[in-house]
Structures are given as C-alpha cells and as structure tokens.
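Number of protein chains: 2
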Amino acid sequence: MRHLAAVIFLCVAAITCWAQSAELNVLPLPASASRSNSEFLVPPRVEIALNGAKDARLNRAADRFVTALAKKTAIPFAMKPGKAKGGTITVHIDRASNAFPELGEDESYKLAVTPAEIRIDAPTTLGAMHGLQTLLQLVHAGPNGIAAPAVTVEDRPRFPWRGLMIDACRHWMPVEIIKRELDAMEQVKMNVLHWHLSENQGFRVESKVFPKLQELGSDGFYYTQADIRDIVNYANDRGIRVVPEFDTPGHATAWFVGYPELGSGPGPYQIEREFGIFDPAMDPTKESTYKFLDKFVGEIGALFPDAYWHIGGDEVNGKEWNANPKIKEFMAAHNLKDNDALQAYFNKRLEEILRKHKKKMVGWDEIFTPDLPKTIVVQSWRGPKSLAETARQGYDSLLSHGYYLDMLYPAAQFYGVDPFDGEAAALSADERKHVLGGEACMWAELITPETIDSRVWPNAAAVAERLWSPPESKDLGSMYRRLTAVSQQLGLLGTTHESSYLPMLERLAGPNAAALKILADVVEPTKEYSRVSQEGKYNAFTPLNRLPDAARPESFTALAFGKMVDNIIAGTAQPVERNTARLLLTAWRDNHVRLAPTLNQNALLKEDVPISENLSAVGVIGLEALDMLEGRGTAVESWRAQQTALLSQFAKPNAELLLKVVAPVEKLVAAAGAK
Amino acid sequence: MRHLAAVIFLCVAAITCWAQSAELNVLPLPASASRSNSEFLVPPRVEIALNGAKDARLNRAADRFVTALAKKTAIPFAMKPGKAKGGTITVHIDRASNAFPELGEDESYKLAVTPAEIRIDAPTTLGAMHGLQTLLQLVHAGPNGIAAPAVTVEDRPRFPWRGLMIDACRHWMPVEIIKRELDAMEQVKMNVLHWHLSENQGFRVESKVFPKLQELGSDGFYYTQADIRDIVNYANDRGIRVVPEFDTPGHATAWFVGYPELGSGPGPYQIEREFGIFDPAMDPTKESTYKFLDKFVGEIGALFPDAYWHIGGDEVNGKEWNANPKIKEFMAAHNLKDNDALQAYFNKRLEEILRKHKKKMVGWDEIFTPDLPKTIVVQSWRGPKSLAETARQGYDSLLSHGYYLDMLYPAAQFYGVDPFDGEAAALSADERKHVLGGEACMWAELITPETIDSRVWPNAAAVAERLWSPPESKDLGSMYRRLTAVSQQLGLLGTTHESSYLPMLERLAGPNAAALKILADVVEPTKEYSRVSQEGKYNAFTPLNRLPDAARPESFTALAFGKMVDNIIAGTAQPVERNTARLLLTAWRDNHVRLAPTLNQNALLKEDVPISENLSAVGVIGLEALDMLEGRGTAVESWRAQQTALLSQFAKPNAELLLKVVAPVEKLVAAAGAK
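From first to last, the protein sequence lines stand for chains P and U. Start counting the first sequence at 20; every next residue gets the next number (our numbering). Start counting the second sequence at 20; every next residue gets the next number (our numbering).
To be clear, the hints were calculated from the coordinates, so they are not data collected in a lab. Fair warning: this is a prediction, and the values are worked out from it, not measured in the lab. Heads up, a few of these hints could be off.
Identical copies carry no separate label here, and so any pair may be met within one copy or between two of them.
Simulated crosslink set (DSSO-like; lysine-lysine; CA at most 27 Å straight-line) [stated by the list, open to error]:
1) K556 with K99
2) K375 with K73
3) K546 with K90
4) K305 with K546
Bound conformation, chain P alone (with noise of 0.2 Å):
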C-alpha cells in the first residue's frame, strides 16, 4: 500500500504523483495494456469522430464524454475558440449493440492513445462506450499540462454480469438517485443495475391493472411507468441492464396491503414498519395468485426490455403456510412434503408464468430446486458452496455472498471475494462458464439518499474491478491507489460519497464540526448486521442522522496512519512520516477538549463521549509509545501491560462505532515494549 492516499488533512506516506506512475491509473484494470512516455495533451476543443456502424446510443455517450470531461479538466468545451483546430479523437464500431444490452454481448474495445491522437475500436456500441469510460479516467493534470498518457489498451470483461443491486424499498429512492448511480456504475464498468422493487416495506411500482399495489403499499413513494421507461433508457444509453425484482413468495407485505387475497394469512395486512423477516408469504395454493401474477407480469415485464426478471424466493419463514388449514389440506392432496416442497411448486409455477411472458428467471439461493429448467439464475447469497453446486448442475449463477455492500466492509475486502473462490475453484472450464458474474447488493434498512453514496461508493468500485479485470488484479496498493483516483472522479461528477460527509458532520456539531470531523475520521460503523439487529432501534421512521450514519464504512485516516505505524516499527519510516503519526497523535489527544462540550449540549451526540475520550486517551498512549520508540523514555512492562489492556477495551464497539486507530497504537506499544 505504498500509494495510498487518504483524505485526511496530512497522512500520505510516501508520494508519489500518479502521472509518473508506470501502471495505469485506470479502475476497474484493463485485461491488457502498455503504455509509453509520451502523452496527449488535452486541447481547448474536443471534437470526436463516430466512424462505422452508427448508433444513437454512441452519439449521445461521446456528447455525455465532452460533458464529463469538462467537469473534470474545467476546460470550456463547449466554448468554440476560433479555427484552434483540437485533438481529434475516433470512435469507430464495426456494429450497433442490440437495442437494449443483453447478457452477453461484446463488450470489448481497444483504446489507442497517441499524442497526435485517440483511436478507440470496438465491435459493438457497448464496447465503444467502455472505451470512453477508460479514457476519460486516464486524464489528469500532469507537468506538460491536462493530458492522457500514450496507451494501447485491449479490454474486455472477464464476466458478462458486473451488477448492483439497490433495494428501493426499505428505504425509497428517488428517481434522480437511481440516475446517479447509473453514472457511477457507467464509469466503473458496471452493467447491470438490479432493482429491488418489493418488500415488506414498501411496493414501488405503479400498477395500471393492480393500482392498490402503489395506492395502497408504498406510503406514496413509488415509481411511474414513466419513470421506469425513463430510467430504463439511462441505462440503456450507458450500456446497463436493468432486472428488476419482485420479492415473492416472502417479502412481500407491501402486495398485500391492497390485495389481502395473495396472502396466506387472514389479513388485513398493513406495510411492515419493522426490518427483519415477517410471517406474510403470498399463497401458493390458489389459482387466483397465478392469474393475477400471469396479468402482474405481462403488464410490468412490459416495461422492462431485459430478458430476465428476479423473483426474489428468498427468507420464507413458512409461518403463515403452517398456520393455514387450507394450504396444509393443499400440500397433502399434492404430495408436497414440506414448506420447501411447496416454495418449489410456486417457483415452478412462476416460472412458466415467465417463460410465457419470455422472461428468464433469476432468484436468491433458495429458489434452486433441480426441477426448475436451465434457463435460470440463482443468485448465491449464502456462500461459494451454493455457487459451485450450481454451476456443477449446469444451471447459470452470480455471486452476491461477501459483495453485500451494507455490511460495510473495508474495500480490500470486497476486492479479496472472487467467484471462484472456495468449493468454486474446483469448478471445470465447462462449469466456470456457468458463473456469470456477480452483484453487490446494497440493502436500504439503514440508508437514505443522502447516505446511499457513502456505503455504495467507492466500495462498489472494488466489486466493478474483481468482476472485470484479469482475475491476477489483487494487488492492493494498486488497488486503493487506483480507487482514489475513481472515487475522485465519480465525485467530480455528481456522486455525494464525499460531498455528504460534512455536512452530516455540520447538522450535528454546527460550528464545531471540525472537531467533531477529527473523531469521524477515525471511526467506522459497527459492521454486518450489529446496527439493524438491536431490538427496537431501527424501524422505517428512524431518522438516519447519527454519527454512525455520518462515518464512512472504511476509514483512510486510521489506514494510512496504521501505514505510517508499520514503517515507524519498521524502521523505513521516513521524517515526514514520523512527524505526520505526531501531528495526528496530538491531534487526537487535544480532540475531546474541543468536542466535549458540543457533544453533552446535543442529544444525538452524547452517546459519543466515551469513544471520544477513547480517542484522546488512544492519542496519549500512542505519543509515549512514540517517544518511547524514539529513545526518549523505556517502556516497563507494567506500562505496556497496562496500556494494551486500555486499548482492547477501546477497540470494543461503542455507541455502533468501531475505533479504527486503536489496533495501530497497539502495534506501537508492542514496539516500545519489546524494545
């Protein structure tokens, strides 16, 4: 990790300008590229050439190329400076992508990058528009002026499914939110947006057969069939699928609100207010379910061009089956043994419903019944081993276990799951082509749009790279390295990962967010499910507005402080390094002085003292072990022994926050002991 860079005020080890660097600052990887000296200097006026095959889609991608490379170089593009004749770059396609994109199409592209000027080549439209996408990251500011470093790149994915997932659902959001993380999903090569469109909490599409459904089960908050046109044509335009997903035969509350007749219990049904697994399950006994699913279909698989369509299947707890005498007098007379047995049938059922429709079937782990016919999809969320099973079977399957982005792991994480991981690995050639890919999921119990971007991004980034670059990308200097700069560039232009974090900071701690920042850097939220599973914390009303919510999932400051601890121990620390771990160690020592007050005026802070007093305390321990390590003071075991038992206590969850610069002080006391 040589070259990460961290947003804190002063951390970067060792810097390096990127410009300088050989390898190509550029995420996800390309599957090949070289790169010479000598670079394009970006001129006042861009003008882009669309050669061969012409497609409307591209037009629009190369004006969208101008736009976005004008808000990352401000360079006035669109002011016409005379005759100054520009730069040319060609985009050329042997053929138009199909209308819509489909699973599996070409998307391979080969960028050239001359200083006299850019070529890209690619067999189809989707290709073309990646090849944008990795030109524009290649631009930057370097010493001859805004330029992109002379490359030739061929690049394709290595998995045709790149996706994510966004539930919509247990928290709504907006049309112009999902349009955002289309942009970003563009950007990092992501294709395929998976919209999670029902739940307990909410119903979020408008029905003209079944109004009830939005009327009655979304709190209003729902899309129109015109905005799911819109939407998927922004996706369309920036070469991404859309699936959508109707949660069934579980998760599905919100149906029943207006249609109390496809559940299995005596309703009436309310929208569930609560996050967890609820009872309701729609009945897979009567005809009527059928008939209105078979119209439900045929109306809304309308609206979205993609061939599949994600049934959910997911987390039945069976209850409400159990509890009905009807069902039990159904799964007798039809030999189905278990609750299982009749989720089968359903899927089945569904199924043909599907096929009818020409719809292709996608579902969670617990759809997978091998009865079902080839053309499905189960998305693993339980582990490889459901995965491998799979695909052994001969059935098509995406990876979405270790790629949940709510579970807020550190990016290095994300970026470490690979599809053929584990029980995967012994998957045959024939087998692996099985694996289609992957999906981060990111689940709305604890999200809004305002804090969406900063659990999606960059993390999602990591899953974007794992899932299209050479399977060899694992290195993790290069990748964070890397994920800076894209993470830059999606800020630039328009995700809010970064442009929310102070303001959060601000509507707690007013005018003395700056404190309260010194603190918000160094933690992160308790991870998994530690927030969402207390009992009577987090409902649908529960404001989002906590310090936990404001902390991003992985903090850059406690990385590139533990870097600098890493290189003191070492003994390959530079001067600027060391006086970087004292700036930050005093920094953290003077803090609680500063917060104190502000969190005990303010209800939503309180809660905050003590991880805030740990930190002073952590930044006190932190300074002896460095004075100690630098010849001034030895350390006597009952000092050390003393200090890490503080620490450990300090490393423990507090107030749903982790203190993330606890485990490198710890490495410092260990130092100043042994010495």
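Chain P is fixed; fit chain U onto it per the hints.
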C-alpha cells in the same frame, strides 16, 4: 469574534454551543426578538395549518419548508408514523400578496415558538414565507433533541429592495444554477434577482421577434422564453422579484452580431471573447434603433412581470460615436454637446419606450441626468457620493458600491458597508426614503457554474443582513457566528460553496489533495480586479481550474488562527488554543515537503511552489516566536528584523494568491521581539 467558527480541522478557540447562546441563531437578524429558556422539540410528524387568506404559493412554501426541515434534521417527515400526532405549525395571513411580488409590499411577520406550538402571523404571503425561513434557521440539535428555541419575533425589512445581481453573460449560468441561487436568496430573505442578460460576451435571452440575437450572439447558451417564465415563477414562489438587465447602449456587442445596424461602427461584429471595456455602442441617432428597442421591450418585457427594467447604461467609452461622422452630424444638429449628452438623449428615448410598455427604468450611475422622470432608479456602483446626490434630488437609488462580490472581500468588509455611509449619512429622513436598498453583484469574468457559489455564499448573506436588519447590527463576532450557521444550512440545502472545494483540489492534486488543502485553507485569491486585469491572461476560453479558483474569498482558517494569536499575545489564550496554534504552525512547517513533488509535476500547480515554500517558512518562524513567547529562548533584534523582513515578502501576492497567515505570525514575531 469570540464565537467565530471555522471550517479547518481544529480551530475553534472558545467553544460555546450555539443552542445555549442567548442570541438567536438567525441571519438576517430580526427587527426584534425575545426568547425564553424553553423550546419546541421537532416531532416525527410536522403538520402545517394554513389559516386566513388563501394563496397557493403559501401551500407550496409550506411543502418546501417541510422538505427543507427534513433535510436539515434528517427526520423522515414524509413517512407518516401511525397516529402519532405531531406538534402543529399554524400560519395565518391576512391577505395574499400581489400576483407577483412588487417593490414595497408588506413583508413583515410575527413568529411565536412555544413548547407546545408554533405560530406565524403575517399581513401577506411574503411575510409568512419569511417567517418560515426564520423558523427553519432556528432548528438545531440541542440537549433534548432537535428543537427550535422558544421565541417571539417581530420582524420586517429595513429596506424594500434587497438584491443579488447575477451576470449570466461573461460566463453562462444554466437554469439550475439560477434556481439554486434563488433557493439560497430565499433563505436569507433577499427579494430581487437582478439578472444581467446581455453583454459584449453574450446575449442570453431567446427573442422570437429578433431571433438572430440569440442565434448569433449566444454561442447557443441562452434562456428560452419557457426558461424565463420558469425562473420568474420559481422566484415568485420564493417572494423574489426578477429584474432583467439588458445593458445599453454600451456592453452591447452581442446584440450587434446578429443586428449590426444597431451598432455605431461599420461592423461586422463578433461575440467579444476578452474582458474589459469595449468600443461597440448602440447608435442613438437612428430612429430604427428605437423601433427595434420598442419591439424588443414589448416582446421581452411581457416575460417579466416586474415593474422595473434595467437598461445598464454604464461604461460607454464613446469611441464608436466619435468615429462616426453621421453621429457627429446628429449631435451638432441636435445641440448635443458631448457623448454624455448623447447618452442622456438615448436614455430619455429609451425611458419613453419603457414607459409605453409600463416599465420603470433602472440604470447604473451613468444614466443619472436630472431631466429623467422621478420614477427611475439609479444603481450606484461608484460610491456613496452618487447615491446621496441621487436621493437628494428626489430620485430612488440602490447601493452596489461596496457590494461587488467579485472583489472577493471578506464578509466583514461587505457587512461594514451601509447605504447611509459617507455622504448619505447626511440625508434627511425624507431623502432617505429614496434609498430603496442595495444589491450584491456577482460579475462573471472569473466564475463558472462550479465556482459561482463559493464567491456568492456566504458573503451575499452579509449584505442580506445589512439590508434587512436594524442598522445597529454591527457586531462582527455575532455576524460570523451566524454566517457560519447559515452557510452550513445553505450547503445542506443545495448550494455548492463548500462542497465544490475538495473536488477542485482533488482535480488539481489527486491523491495529494489533502496536502494541497493545507495550503489552500490559508490562502485567498488576490482582490478586486488584480486577476482579470492582467493583460492577455484571462478570456472567455480560459479554464478556471487553478488554485486561485478553488481558494475561497476568505480564509476562515487564517481568521481563526489570527484570533488564537491575539489571545496568546494578550495572555488570555486557553491551553487548547495554544496547542491548536502550535499544531497548525507545525502542519504548515511540514507541508511543503509533502506538497512539493505534486506541485513540481503539475503544470497547473507549479506556480504555487513559492507560496507553498513561504507557508512552511511561516510555520518555522511562527514556532520560533511561539517558543520565545513561552519562555524557550529569547528574541534578539537581528532575529526580529530578519523575520519581519521575510514575512513582509511573504505577504505579497504570489501566483494570484495571498498568504493570509502572514499577518498573525508578524504579530507573534513582534510580541516575541518585544519581550
């Protein structure tokens, strides 16, 4: 400035939670207010009851209020949590305001916040909308939760004309930017958008009668008539008048590109790409000019319901008139002794046209000649003398001298300018009535949609307070404290004056943006016309992407550091202030080592090497002085003289930047030397 807040990482000298302050956290300060110790806790559900007269604008304002409150608190008001009855806000108006806001309408309101309820009473819609904005500002997180303090406010503006002038010509400002500024203006109770729509560099409005105006004069960047109506309605909803400016007879090159016959020179004309004062001027001697203007005002005037029309009238250099024999003949024939007389003749003719179309004339200083009717308004950009003279002669006037935001003065300087300063102080009460108010002006030579907000906000808010609040509101500490709060609210609700900062630094410095920020936080762009007046440096094509574009007009870090230094020298500094000052000086001292590699390898940043070196030198000197003040070492005269000489070098402009922490360190050195 005891409560001064700043946005650096650590800086607040004396932390006092604003929720506890006796002063209301509102800008502009109300005419009168009293508060008690109780508060209204914001409930999970907010209901606004609108009583009295009906006005659909008020309904929309109430909806907007709830949306803004949800953003300000992150409470999901749009969700309806069961039957939980929320507290109630009652808004009562006696009558609807006029269909569009008019000069001098009653804007007063009363606001009463008690623990149980909130009441706003106003004679008109305009007043009620102001009351809602005051309420919005009052809401903050406090010891008991998110709350508004219990208050009784009686409020009305000091001046009826509180404007912001936006130049959309020298750089194009799209519709969404104008709307963003209107949103912000509403929050600080500004009520006039003065929209500068034609210039040498562009004609920005669609004319259907004279389509070559925009077709040839705008580079394609103009507001359609639908856009204009949209903006006018948007402004109306926010209680804001829209006064268009079509600058004549000078500043008018863009008109002549399509209609050269309007000009006084031989033509042809081209859109001007440079900045400055140019020769082209309308031909005041041709009847066809007035026929054109008559049709133009007839067409475009209908788009703007406001009674006022700004004719510009400034900076005619007369060269085209002097060079045109026909014009000389005309002047002789009509006994017009000089160009001023010719312009006065033009203004008189134009005023008659405006009157015919029911428009009152506004113009810059230069239009003022005593033969114009008393309905005109003179906008003073030259100073208090012209303002006073105009008022004394019974003409209405507006102050803009001292309110030019593009001068990049600190907020305190804008705040210190009063319409009744200087010669205007001697005006009688009756004469004073002719001073309608003033306008903050944002000329657009060196701004883009990306940077406009960082030049307008929060400085325009200081002008807004001066024009709204009682004249005795002068306390700078109070102003800066409330400016910080309103600045945070503006950012949370959509302005980009803070959020654009880091992305611009990242665009420049990539992974090393954090080190660049250390420097950027303590510099300001040079003031007044120092940047744009450099020969050949800036024109309409110049990218505005360098450090002087990213740096803010006022360094709050330097301001806070200056306060720490004052306290240290006075012996009143608390330990946390001393520590913070030392930490800042240390960070500055060490920063050039971190930053230099980036600066040296970047064509846009290379010019900043000297100022970065200077900052580090300032850090060294400041630490030495601090040591001496704390009794470690003694200053000798040669040291003091040497450092003072160095610092006076560092205080000079460097690459269009000023290093704002030099002055406080000069104080430290002087104090150390005097010890």
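Taking the hints in turn, this is what the structure says about them:
| no. | hint | result |
| --- | --- | --- |
| 1 | K556 with K99 | between (57 Å within a copy, 18 Å between copies) |
| 2 | K375 with K73 | neither (33 Å within a copy, 54 Å between copies) |
| 3 | K546 with K90 | between (35 Å within a copy, 26 Å between copies) |
| 4 | K305 with K546 | neither (41 Å within a copy, 77 Å between copies) |
Hint compliance for this structure: hints 2, 4 are broken, all remaining hints hold.
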